[in-house]
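Chemist: For reference, the chains in residue letters:
Protein chains: 2
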Amino acid sequence: MAILLEQACSLLQENSRQMPVVELPLAACYGRILAQNTAADIDFPPFARSPLDGYAVRFADVKHATADCPVSLEVIDDVPAGMVPRTAVRAGTAVRIMTGAKIPAGADAVIRLEDTVTVNGFINIITAAGADRNICRQGEEFKQGAVLLTPGSALRDGALGILAMFGQDKPRVYEKPRVAILATGTEIVAVNQLVEPGKIRDSNSYMLAAKVLEAGGEPVLLGQVRDNIDDIEQRLEQAADIDLYLTTGGASVGDYDLMRPLFERLSVRPLFSRVAIKPGMPVLAGCWRDRLLIGLSGNPAAAGVSFELLIRPLVRRMAGVRQIERPRAAAVLQQKLVKTGPVRRFVWAECIFDNGRLAARPLLLQSNGMMAGLLEANALLDIPAFSPPLVAGATVAALLL
Amino acid sequence: MAILLEQACSLLQENSRQMPVVELPLAACYGRILAQNTAADIDFPPFARSPLDGYAVRFADVKHATADCPVSLEVIDDVPAGMVPRTAVRAGTAVRIMTGAKIPAGADAVIRLEDTVTVNGFINIITAAGADRNICRQGEEFKQGAVLLTPGSALRDGALGILAMFGQDKPRVYEKPRVAILATGTEIVAVNQLVEPGKIRDSNSYMLAAKVLEAGGEPVLLGQVRDNIDDIEQRLEQAADIDLYLTTGGASVGDYDLMRPLFERLSVRPLFSRVAIKPGMPVLAGCWRDRLLIGLSGNPAAAGVSFELLIRPLVRRMAGVRQIERPRAAAVLQQKLVKTGPVRRFVWAECIFDNGRLAARPLLLQSNGMMAGLLEANALLDIPAFSPPLVAGATVAALLL
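Here the protein sequences line up with chains A and B, keeping their order. Sequential numbering from 1193 applies to the first sequence in my numbering. Sequential numbering from 1193 applies to the second sequence in my numbering.
I should point out that these hints are in silico values taken from the structure, not numbers from a laboratory. One or more of the hints may lead you astray.
Same chains, same names: a pair is fine if it fits in one copy or spans any two.
Below 20 Å or equal to it, Euclidean Cα-Cα: the simulated DMTMM-like pairs (lysine to aspartate or glutamate) are [unchecked claim]:
1) K1528 to E1542
2) K1362 to E1215
3) K1528 to D1260
4) K1335 to D1423
5) K1335 to E1388
6) K1470 to E1542
7) K1470 to E1306
8) K1255 to E1429
9) K1531 to E1456
10) K1335 to E1517
11) K1335 to E1568
12) K1531 to D1300
13) K1528 to E1198
14) K1362 to D1269
15) K1335 to D1235
16) K1470 to D1574
17) K1531 to D1574
18) K1528 to E1388
Throw the hints in and build the complete structure from the sequences for me.
Modeler: Structure, rendered in structure tokens:
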């Protein structure tokens, strides 16, 4: 019995574990998933500061300044960025201040350098255009104590900048799940091997390894193994420190489909064997020694779809990612799609923006193989079961890859 | 004089070099940029094969088969995947065949297992539903000699699968450009240092390092240095094997802006010093010892925009990427945008799909700092010079990050 995709996803996630947490140097955290809350340890900016080079003044002194009637102020100090003002600004005085420097006490405005004229230790303020005051207030970006990042955040430019701003030089992140990939099938040979009659090279392992990396896991290639249950068992047993086992091939019910007998031999606790989607209906999933072992189809089109829909959310859940699903969007079919039927179907497609709308072009080379389709695909169209054939212009749901 | 963004990009690219080429094991190639053509070395599939488990037959024998009037055939061979058929199919015979196995000579159709009944070494074909023949023809996916990948292809799932299919176990890829990042400014302290009055921690280095990684480069963090031209020079001199030098801070014309005097001291051949965009107008770019040296603003909002518009395309060009620009799309403003003016302006924004259309929400915290904006930003809105204030509902151009 085939189970629904959502049920299959839930079963996998219920039977998976989140990865342990590790401290990493900040510079090594790109692409990692945060495992801690991060609060501002100080206000930011930590002090009122100037956004430009100019003069810190009392606004009351300069509010009537014009080019015809400039206001003259004595310059009593100079504050470069990184230094602390030594003097307060008093009536009739100004302090030269650099971008990023702390506003001296007594000042409540900064006049841009361009709006001043220097005359023998005094400045003439020639415009009151500083009415917006040019002061970045203490804490205007972040208040001390504010929680800025929470567990599950993906660490990219902005998040890494914030961790740095608030002193997190060794953030706690999740370890990456190590995902074993074993290609089974007597017809499969290694990429550097001679392709004898009846054989093909192993392309699934590399395609799936790329998808594991993209999902935030660490692929562990176990190579290729012929259709022999002892060999398959041995290869799986030899792999060390694996968090999730994937195989390709032998997941169906034919004479040489060895994953079912393997599950029995290894006392795998079965979860499901078929998912009600096409392609990728045969998927054998179970629990082996507290890890998930999942047998995908040997057909790259089917294995690719199964990975996207079942394995990627699982890997992301294990990796601690908050948002495990692909974004969904409505897209307009650019050509008809007749391959519908009683089973929910996923169709690789290329989506482009067409005048602010998303247009989807189904990639048709997916009956068998379809590596070429994967080159161009940036979406999977989700066609419901019992959908009628769809005409060009119809709106469909797209998972954006 | 500020030059146009497009001119600045051209100058940088004209003065850059593409990275050298290196051979890498296929499993290490994820995310790399291909530096070779890849043609199919064999047809794919390399032989006619069965897409399912069943019986290879002569279609002429079975075309009238029905459940009421089945056709009986003698089973004369069995071809597992990876094996070579030993016998040709003759009239009145069938060969058992597994998914992926080579079609025996004489057969021109495969009948699904489900449409047969086995009786003592014979099979009864009970439906002629095999009229589509169930044969994947030799070369139906790829013809031998077809060029499938060209230099500049990013190696992700589909491309890695294709390299594997055609025996490329050590593809030639471009080396990643090593991009030095030096944060200058007396106000800047390292992330693990005490934040004394007047100081802030270095967040730009980590934000930019993330952007370098995302662009396909390898960041080399040179740390933080105070506003001292000797110190800055020394730090740049000490960095080894750098393909591109970036600094933050000191790129403007204030008393403590040291990048201009540094350029003179190092005999940097200047390219430009201002780009006609906001934020990020001051950018000091030149050639130093056959490498580009680019001084960005110390303001994260400005440095981030400069990176996106100038540095990212440059890094991608150096890295060998074919598509160096971000995709552009029209987006509908969800709120008004009054901050326009005589200079072309870029505005961080969050774009979401709203009923198949792209809707843009400008992120306003970008006067100064704006790390929080970067957390949510997935687009940069491109507002032309002399644009009037824009109302909610107006269409704008968005660069999709």
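Chemist: Which earlier hints turn out false for this structure, listed by number in ascending order?
Modeler: Of the numbered hints given earlier, those the structure breaks are 3, 4, 8, 9, 10, 12, 13, 14 and 18, listed in rising order.
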